[in-house]
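Using the hints, position chain B against chain A.
These are the residues of each chain, in order.
2 protein chains.
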Amino acid sequence: MAKPIGADKKRTVRNLDEAFGAELTEVRTRRRWSQQQLAETSGYDESYIRQLERGTKSATLRTLSNLASAISLPVSVLIKRAETRLRKGSRE
Amino acid sequence: MAKPIGADKKRTVRNLDEAFGAELTEVRTRRRWSQQQLAETSGYDESYIRQLERGTKSATLRTLSNLASAISLPVSVLIKRAETRLRKGSRE
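Protein chains in written order, with the working numbering: chain A, 4 to 95; chain B, 4 to 95.
If you are wondering where the hints come from, they were derived from the structure by calculation, not from laboratory data. Misleading hints may appear alongside valid ones.
[To be verified] Cut-off 20 Å, straight-line C-alpha distance, at most; resulting in silico cross-link-like pairs (EDC-like, lysine to aspartate or glutamate):
no.	chain 1	residue 1	chain 2	residue 2
1	B	K83	A	E49
2	A	K60	A	E29
3	A	K83	B	E86
4	B	K83	B	E29
[Claimed, not checked] Which chain A residues stay away from chain B? Per the calculated CB distances, all over 12 Å, these:
no.	residue
5	D20
6	Q39
7	G58
8	I74
Note that CB positions come from ideal geometry on N, CA and C, so glycine has one too.
In isolation and in its complexed conformation, chain A is listed as follows (with noise of 0.2 Å):
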């Protein structure tokens, strides 16, 4: 059975990009966009949105800037509250 979208959400967070990544997922599924809405509106494939939700690629900081936008927040608050689950180590 396909895992529903953030279904990862209490795996444990080992470095920012992970942290990035859950936060990426939270604000999403907040906002009920699917990753392919969120692909389309940022620009970037389905492949690249779910792999950078996993931690298991490093955004640039100019797609992080075209992230940002695509969900009207500032990279510095996603950072910013990446740094806080990494902290705590916790996707949620």
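Structure of chain B alone, referenced to chain A:
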């Protein structure tokens, strides 16, 4: 004649990469570190540091994280300052 380090200070910043680069230059020069010292401390090539400071390369979150560790500042603080620079449109 060679341009002194930090000589680009007054150039305008057009995107977050350039704004981050300007911020990195400022933090580094305030500490009286050369680009070589920052390179050695962060584990990157000096030429890469130079490209980041000029904003011609877009750092990944992983790189930002390593640079932030090297200069003992959170990534979110550096990005927030870069966003402020970008809003003002100036490297100063």
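Here is what the structure says about each hint:
no. : hint          : result
1   : B:K83 / A:E49 : violated, 28 Å
2   : A:K60 / A:E29 : holds, 17 Å
3   : A:K83 / B:E86 : holds, 13 Å
4   : B:K83 / B:E29 : holds, 14 Å
5   : D20           : violated, 5 Å
6   : Q39           : holds, 23 Å
7   : G58           : violated, 9 Å
8   : I74           : holds, 15 Å
Of the hints listed earlier, those the structure fails to meet are numbers 1, 5 and 7, in rising order.
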